[in-house]
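Undergrad: All chains should be built: construct the whole structure from the sequences, respecting the hints.
Here the protein sequences line up with chains P and Z, keeping their order. For reference, each letter of the first sequence is one residue, going 1 to 110 in the numbering used here. For reference, each letter of the second sequence is one residue, going 1 to 293 in the numbering used here.
Since the hints were made in silico from the structure, they are not lab data. Nothing here was measured: the structure is a model prediction, and the numbers come from that model. One or more hints might be untrue.
Unchecked claim - Under the rule of at most 30 Å between Cα atoms (straight-line distance), these lysine-lysine pairs were calculated in the DSS-like manner:
#1 P:K83 - Z:K283
#2 P:K49 - Z:K156
#3 P:K20 - P:K104
#4 Z:K48 - Z:K156
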Amino acid sequence: MTKPLRVLYCHCTYANVVPKATKEEVLRRLTESDVPFDAVPDLCEMSAKKDPALADLAADGCLKIAACYPRAVKWLFHAVGVKLPDTAEVLNMRTDTADAVAAKLLEPPA
Amino acid sequence: MSIPLPLPLSAPPPASAAAFRVAVYEGTGANPFPPGERTALVTALLAKGLSVSVIRPGGSAGNLVAGSLLVLGHFTDEQPDHAATDSGVSVYFRNVAGKSAAEAVELAVQVRAAANIPEPAKWKPWFPVIDYDRCTNCMQCLSFCLFDVYGVNEGKIQVQNNNKCKTDCPACSRVCPEVAILFPKYRHGPINGDVVSADDVRRESMKVDISSLLGGDIYAALRDRNAKFKSRFSKERDSDKALEERQKCLVKLGEKLDIPPEVFASLPSPDEIQRKAAEANAKAQAALEANKS
Ligand code: SF4
Ligand code: SF4
Numbered sequence: 001m002t003k004p005l006r007v008l009y010c011h012c013t014y015a016n017v018v019p020k021a022t023k024e025e026v027l028r029r030l031t032e033s034d035v036p037f038d039a040v041p042d043l044c045e046m047s048a049k050k051d052p053a054l055a056d057l058a059a060d061g062c063l064k065i066a067a068c069y070p071r072a073v074k075w076l077f078h079a080v081g082v083k084l085p086d087t088a089e090v091l092n093m094r095t096d097t098a099d100a101v102a103a104k105l106l107e108p109p110a
Numbered sequence: 001m002s003i004p005l006p007l008p009l010s011a012p013p014p015a016s017a018a019a020f021r022v023a024v025y026e027g028t029g030a031n032p033f034p035p036g037e038r039t040a041l042v043t044a045l046l047a048k049g050l051s052v053s054v055i056r057p058g059g060s061a062g063n064l065v066a067g068s069l070l071v072l073g074h075f076t077d078e079q080p081d082h083a084a085t086d087s088g089v090s091v092y093f094r095n096v097a098g099k100s101a102a103e104a105v106e107l108a109v110q111v112r113a114a115a116n117i118p119e120p121a122k123w124k125p126w127f128p129v130i131d132y133d134r135c136t137n138c139m140q141c142l143s144f145c146l147f148d149v150y151g152v153n154e155g156k157i158q159v160q161n162n163n164k165c166k167t168d169c170p171a172c173s174r175v176c177p178e179v180a181i182l183f184p185k186y187r188h189g190p191i192n193g194d195v196v197s198a199d200d201v202r203r204e205s206m207k208v209d210i211s212s213l214l215g216g217d218i219y220a221a222l223r224d225r226n227a228k229f230k231s232r233f234s235k236e237r238d239s240d241k242a243l244e245e246r247q248k249c250l251v252k253l254g255e256k257l258d259i260p261p262e263v264f265a266s267l268p269s270p271d272e273i274q275r276k277a278a279e280a281n282a283k284a285q286a287a288l289e290a291n292k293s
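TA: See the structure below:
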């Protein structure tokens with residue numbers, strides 16, 4: 001049986017490091033799909049505030065995260081004592097196109 | 001009181017009473033949002049600093065561990081304004097059929113206030129994040145930072161006071177010889193989390209050599225440089241060749257470390273710098289000694 005797909009989208013609200021057009025387009029594609037997902041204003045802020053929701057967001061399942069560099073996301077979770085599952089896939093909206101990120105995000109789990 | 005709708009509410013132990021999440025709900029008992037409306041609503045909620053779960057027919061988007069959940073939907077049945085689950089999560093319902101995204105966000109803000117949940121602080125989340133796959137626990141960051149951002153727990157370096165970090169200042173990441181300190185919101189790699197190349201590591205160790213040339217006390221040196229810049233007599237006083245050279249080197253170093261002018265401005269007095277630097281250094285030495293034994 002395939003694990004349910006869990007999608008987490010980071011809007012990087014408090015900085016301009018993710019191109020606006022990319023994050024808006026990824027969000028549009030997500031909201032227009034029929035995939036349920038969680039969206040957070042800023043993963044950095046959640047990590048800084050030790051938000052307990054991060055543990056829940058990283059809970060088991062087939063997790064895909066649209067944010068920035070995978071190394072940054074991994075250690076932001078680690079900073080609150082949460083290990084991202086090895087199967088978690090982090091998609092980089094700083095470097096990749098909205099098309100590429102959205103396609104991977106919405107791909108059904110293997 | 002039980003919840004009339006099948007929401008994702010299996011609840012682990014409460015961890016934060018201040019948690020607040022908005023569910024854009026399309027499950028049982030609600031009609032789907034038109035796509036454009038859904039996009040506009042989620043975008044506006046995020047811009048307001050609110051976390052959102054989009055719940056599709058039959059779907060669930062994670063659990064709220066504690067605090068309050070606001071469910072926005074086009075409900076087909078009457079919903080209570082407010083209900084509490086057995087696990088202590090407060091659930092609020094608001095019908096947003098016919099409302100614009102801005103009006104729905106306004107409702108969310110009102111509910112957040114009514115639930116006594118503070119508005120998120122307007123703070124750019126800027127703080128160091130350690131990549132422990134690279135960190136060798138050398139304590140250079142601890143002895144470098146004057147603002148008590150770093151600390152040691154069970155012999156291991158940690159970021160302990162991330163709110164004391166100076167916004168946009170990545171200086172400690174530039175003194176880390178292992179390129180192990182990230183600032184995810186920094187402009188350039190590898191400090192922003194990009195892959196670290198062999199060249200990056202070589203460059204970083206060169207920077208540390210520069211700092212030891214200056215006697216290790218970069219802050220005092222930078223402050224000194226800043227004061228000199230301000231002095232209208234600086235040119236005459238700096239006739240000494242060695243000092244001139246040192247200043248040139250410091251200008252370059254300040255640029256290399258990418259320290260914003262605000263950080264210079266917020267540096268304490270030279271005496272205080274000496275005291276804090278000695279304190280930080282002592283902490284680092286103590287941790288290194290303890291780790292040896
Ligand atoms: S994790 Fe990356 S994308 Fe998300 S807020 Fe931080 S820097 Fe921005
Ligand atoms: S300077 Fe870098 S390697 Fe050394 S303890 Fe700090 S993070 Fe680790």
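Undergrad: Hints numbered earlier in the text: which of these fail when held up against the supplied structure?
TA: As far as the earlier hints go, only 4 is violated by this structure.
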